[in-house]
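K.L.:
So the chains spell out like this:
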Amino acid sequence: MDRFFWLVFEFFCLVDSKNLATPPRGSIAGARQHLSEAAKNLAPKYAPYLYAQAQNKYDSAMWHWNTENKKLFFNRDYAIVETYAVLSIKFAKEAIAKANKNKLSTKQQLEISIEDLKLQIDRFGKQYGHFPFDAESTRALTHCKLLLNEGISAYEKNNLHLAIEKTGASLGIINDLNIRYKTKLTEYFNGYLDWKNNVDGTIALSKRQQGHAVIVDKYARECLLFKNGALIKKFNIELGQNWIGDKNYQGDKSTPEGQYKVVSKKQHGQTKYHKALLLDYPNLEDKIRFDLNKKNGAIHAKAKIGGLIEIHGHGGKGHHWTEGCVALTNQDMDYLFATLPLGTKVTIVGSVKPLFQIINEANE
Amino acid sequence: MKKAVLKSFVAIAISGLLLAGCAKAPQAEIDAANAAVEEAGAAGADLYVYDSYVALKDSLSAAMEKIEAQKSKLFKNYSGVAEHLTGVTQFAQEVKLKAETRKEEIKAEIQVGLTEVKALQETNNKLVTEAPKGKEGAAAIEAIKGELAAIDSSVAQAAVMFESSELVPALDKVKAAKEKSTAINAELNDVIAKTKGKKK
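Taken in sequence, the protein lines are chains B and Z.
Terminal number for the first sequence in the working numbering: 379, no gaps in between.
Terminal number for the second sequence in the working numbering: 229, no gaps in between.
To be clear, the hints were calculated from the coordinates, so they are not data collected in a lab.
Since this is a predicted model, take the numbers as computed values, not measurements.
Any given hint might turn out to be false.
Said to hold, decoys possible - Taking lysine-lysine pairs in the BS3-like style, the calculated list, with each CA pair at most 30 Å apart, reads:
#, chain 1, residue 1, chain 2, residue 2
1, Z, Lys174, B, Lys86
2, B, Lys118, Z, Lys223
3, Z, Lys127, B, Lys55
4, B, Lys141, Z, Lys95
5, B, Lys133, Z, Lys127
6, Z, Lys53, Z, Lys31
7, B, Lys249, Z, Lys127
8, Z, Lys95, B, Lys332
9, B, Lys268, B, Lys302
10, Z, Lys95, B, Lys172
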């Protein structure tokens, strides 16, 4: 009996001498709590690598804990469980810090991007708003604005990745439109030297004759009145819807470019546009160009050259709407009508200013 | 006699020790909790009720820790853990329901939005025909038609996203389209009113 009790006693001493290992419950609970905190701080999105490491270490801690628990209790060793739990806490803390940093910098970057995009769209509107847009460009610009609004909506809901996606797509469209219209503008301004010569010649003639002359600046949408070679008045104007480029045929809604003169004055009642100054379009140059275009097949064989290009009233609508005429407000038209005699030179050009000056002024 | 009683007592004590060490983890409750959490995830809880889903996963992990803690002991007692797991299962079911509800709310919001935008677009297309004709308004009308076409395209994309359950981006798209369509509607009504005013 004594021997039996001694055996039992030795058994418990042996068990006790092994200092039964206790699992690191505190560290594991700490790892879980830090992981949860990291998830709440959106670390899976903003610090995915660190978060994955933290999760991986926690899973390893649990796995080793489970493995050790399968062993006889006096053979267990939880040191590796503790190691993994501590590593998980380390990575989770780093993930939280990185996620917060990335979120803040992403948010700040997005704020800047959104403001920049609004500015770009606004600038595009100011620079090209009066350009004759084709249907595809109109759709693209609307789509660009819709995407910006979607991006702003996502940003306000803190869905930063979606906001980046939408604003990025919007930026892509406005960049494409800018390239497209800058190219059109550059091509159009290839005619600048001719325009400058015509403008200089018109001003010189006004000075020589000590009389009036009119210069129509299509790009600036201005009608400039000169007397004795000096600018005395400016008027806002509206042109044909397809105002870029020269007039090629009747119905193309383009305002012609060239040197003309006033050949007729229509009083109120003689025109449906309040008052009108009829120009001698087509001039010889227009006719030569028209015939050449027809010969080359650039325009239809049955196309007509058109006529009845006037400076008239009913302007002030805020957009280009005429069939090719130059429209002023009735008040401005009254002044011009009263001032200009028959035979007054009217020079219509694409722009009085060179393109680089226009761009510099737009960027100020 | 005394020794025999003592021996029996020790034998019972040792048996008791061994038996206590054999208590089993509540596997049925573990399986039920895991399955419920998975269902909540499949219902889109991580997307629609993210915070609740994080809390749910934390709760499940805490329960698994408790199980391992009991396994570490000589005298295991899983009754508290079983209760915790049952709680996790219930919580998961609540989170799943919340996610499904939120998903349906967003779906309803999108459907209402789509209907409203389509109605607005129909009205706008009709108003465009009433807008002042002639060369004065032609360019503006063409521009508006282009914008309406872009909105139609955006709405169509939103509908596709809705069908493929990309609900959050679909909702943003519908809202942006509705805002733009409403602005065009106001613009057209304004222009038509001014024209009618002038005719008087």
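K.L.:
Taking each numbered hint in turn, which are not upheld by the structure, reported in ascending numerical order?
P.N.:
Checked against the structure, the hints that fail are numbers 1, 2, 4, 5, 6, 7, 8 and 10, while the rest are satisfied.
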